[in-house]
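Undergrad: Here is how the chains run, residue by residue.
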Amino acid sequence: MTPQEFNIVVSKLRPRLINFASGFVKDGASTADDMVQEAIIKLWKSNELQEIRNPEALTMHILKNVCLDYLKLKKNNMDSLNPNFHIYTDSDPLVAVEHKDELCSINSYLSILPHDQMIAVRLRDIMGYEMDEIAKILGTSEGNVRTLLSRARQRLREKLLANGKDRRS
Amino acid sequence: MEKIDEVKALLERYFNAETTLKEEQILRDYFRTDVKDEELLAYKPLFNCFSDEADKIKELEHIDTSIQSTTLKRSFHFRWISVAAAAALALFTYLIMPERGDSLKMMIDGVNVYNKELAISKADGQMSNINSMMGKFKNSTAQLEGMGKVGDALSPLRSMGKAMTQND
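Chains as they are written, first to last, in our numbering: chain A, 1 to 169; chain B, 1 to 168.
One chain only, chain A, in its complex shape:
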């Protein structure tokens, strides 16, 4: 793949990459952009690039790992973080209360999910990837992807129905 071809592939993917990375951070643009840049650099340096038939799946796979590494790093260094900085994790029940204006935001729903389930939902319900593509991105089987999606969606249903009952009472 020539540098020009690589640039074309990356340019087309960029909106999806930014959207995906934005789901992992609260303050959005610049950090998500950094993560996408890191993934692109890793992709370019990857020896698999010349042989890969599906650069999109590989790019998303690399970005997913960059994002998860970022979350692990931030979790380990929570004390040194700016107190205004928040990351969405499944152990942060105050997120929905503190950010009431974002209750309709997709992140308020996905924040209750474990990372792998959250990623599966993003890839399927927002980005519209097929099961086999999601399996490649996550580095797992299609069967496992269905399991992740099923569990994630049922957790979301429980939250939705619980919210609905709260509004009625």
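Don't read these hints as lab results, they were simulated from the structure.
There are no misleading hints in this set.
Covered stretches of chain B (chain A as the covering partner; in silico rule of three or more C-beta atoms under 8 Å from a C-beta of chain A):
id : segment
1  : 6-17
2  : 40-47
3  : 51-60
If you're wondering where the values come from, they're calculated on a predicted model, not measured in any experiment.
C-beta atoms are modelled at their ideal positions from N, C-alpha and C, and glycine is treated no differently.
Got chain A; can you put chain B on it based on the hints?
TA: Showing chain B alone in chain A's frame:
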């Protein structure tokens, strides 16, 4: 009622991760409408959020594609504009040159000659001089050739070479 039953059946399959992408799109399209069923109303915010996020990505992808095609068109036009500019410059340079057309330019005896017929007659005169000089030169070379033959005759090596080649 049939539509609602269809949606409820799809929803069950959706939460079991058994739906196809097309079926999931049917669900998203349905929840974009004015949903009245109370049971289904609970799911509207979630599907609308998914649709909104998907639309954001499509919009950004469309913007990126438009920018790329505009950039390509601009570079294409720019290339032709630069070719046209170069051609115009060349034409302009040709047109502003003071000497042009079919006028002959000749310098004879250190004097510029602009008159066409005069130039031709002068040129003819010069050519005839050259021809006469060439004629004399031919005569001279003929004499030199004669001297060359005498030289051959006198040279023993040359005469031996000739004898050998004659016998071949």
